[in-house]
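Novice: Same order as they appear, the protein sequences are chains G and C. Read in order, the letters of the first sequence correspond to residues -11 to 114 in our numbering. Read in order, the letters of the second sequence correspond to residues -11 to 114 in our numbering.
Be aware that a few hints might be false.
Heads up, the list lumps identical chains together, so a pair's fine if it works in one copy or across two of them.
Using 30 Å as the maximum straight-line C-alpha spacing, the simulated BS3-like pairs for lysine-lysine come out as follows [said to hold, decoys possible]:
1) 110 with 25
2) 110 with 92
3) 92 with 25
4) 25 with 100
5) 110 with 100
Calculated directly from the structure, the hints in this document are not laboratory data.
There are 2 protein chains.
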Amino acid sequence: MPRRHRGWAMGAGGGGGNRHSPLTVSILEPALLIMIKERPRHGYTLLADLESLGLGTLHPSVVYRTLREMEVLGWIRSDWDTGQTQGPPRRIYQLTDQGEGVLKNWQNELDKTQDTIQQLQKRIQS
Amino acid sequence: MPRRHRGWAMGAGGGGGNRHSPLTVSILEPALLIMIKERPRHGYTLLADLESLGLGTLHPSVVYRTLREMEVLGWIRSDWDTGQTQGPPRRIYQLTDQGEGVLKNWQNELDKTQDTIQQLQKRIQS
DNA sequence: TACATCTATTGACTAATAGAGAATAGTGTG
DNA sequence: CACACTATTCTCTATTAGTCAATAGATGTA
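Start from the sequences, fold in the hints, and give me the full structure.
Specialist: In structure tokens:
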């Protein structure tokens, strides 16, 4: 089963189950950082919150992996949740100081991206 | 030399030469389609035009490869330029009918992305 | 207690993409 | 001819992403 990325835009409305575009994946990282900064959360919650952002097509393991990798990089830190849980112990993630800095870079990038997309949208309308 | 993507946001303002974010790469495909639709062009020109969009950090081979792959997919078509050139013959790309459809999908995706980013920006300001 | 179900997270395997550098090649200029 | 500039292609390898399966605690229920 091909999981094309290049070529994503062909099957978006056509074929079987709809997959997300590469853009979706690219936004995952800042989205997680922003939500974690808002309020420390665990992966399962973040998974649901991504849904409400329209990034809900991402496979859980992609999200968990991203979280683990960002922790290795020192952008976020996790502690085991001591409160009662309806399941196995879960990691609560919070932003580190380094993560704050990284998030600032990401904000600049998001701004630039907004700008670029807007330019593209204008160009196509004329 | 590591060409990290995950981890991009660390070195953006810090280390050596600045690389682009994954977002930049994700936008390349629709950007090319839009510019080609505006006016058929060859790769070298597109390369320069990307610059003015703020996507100038992309390596030429990435851009040429993307063009070739989009041609294989049937989204664009190329003819050798018959006019005089100041160099070797060059391919002029133009959008196909299929490419028009793909571009529409991309436009939806760009809209959605604008939306998501805006939501994220709002959330971080409060 | 055996079993299903829901909450949570992790691991392993492989396909696909991206980044870099070098190769190829035509044209014009000193 | 050597060099610079225009233009495109190729190859090699690092990195990322997608999928599936495994692990595991808690809760309910037959």
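Novice: Checking an output row: residue 110 and residue 100, CA cutoff 30 Å. Within, between, both or neither?
Specialist: Answer is both; intra-copy 15 Å and inter-copy 16 Å each pass.
Novice: I want to check one pair: residue 25 and residue 100. Are their C-alpha atoms no more than 30 Å apart within a copy, between two copies, both, or neither?
Specialist: both (21 Å within a copy, 23 Å between copies)
Novice: From the Cα coordinates, with 30 Å as the cut-off, is the pair residue 92 and residue 25 best called within, between, both, or neither?
Specialist: The answer is within: 12 Å in one copy meets 30 Å, while 35 Å across copies does not.
Novice: For the identical chains here, do residue 110 and residue 25 meet the 30 Å Cα criterion within one copy, between copies, both, or neither?
Specialist: Close across copies (13 Å), not inside one copy (33 Å); limit 30 Å.
Novice: My question is about residue 110 and residue 92: at a cut-off of 30 Å on alpha-carbon distance, are they close within one copy, between copies, both, or neither?
Specialist: both (27 Å within a copy, 14 Å between copies)
In terms of the numbered hints stated before, the structure departs from none.
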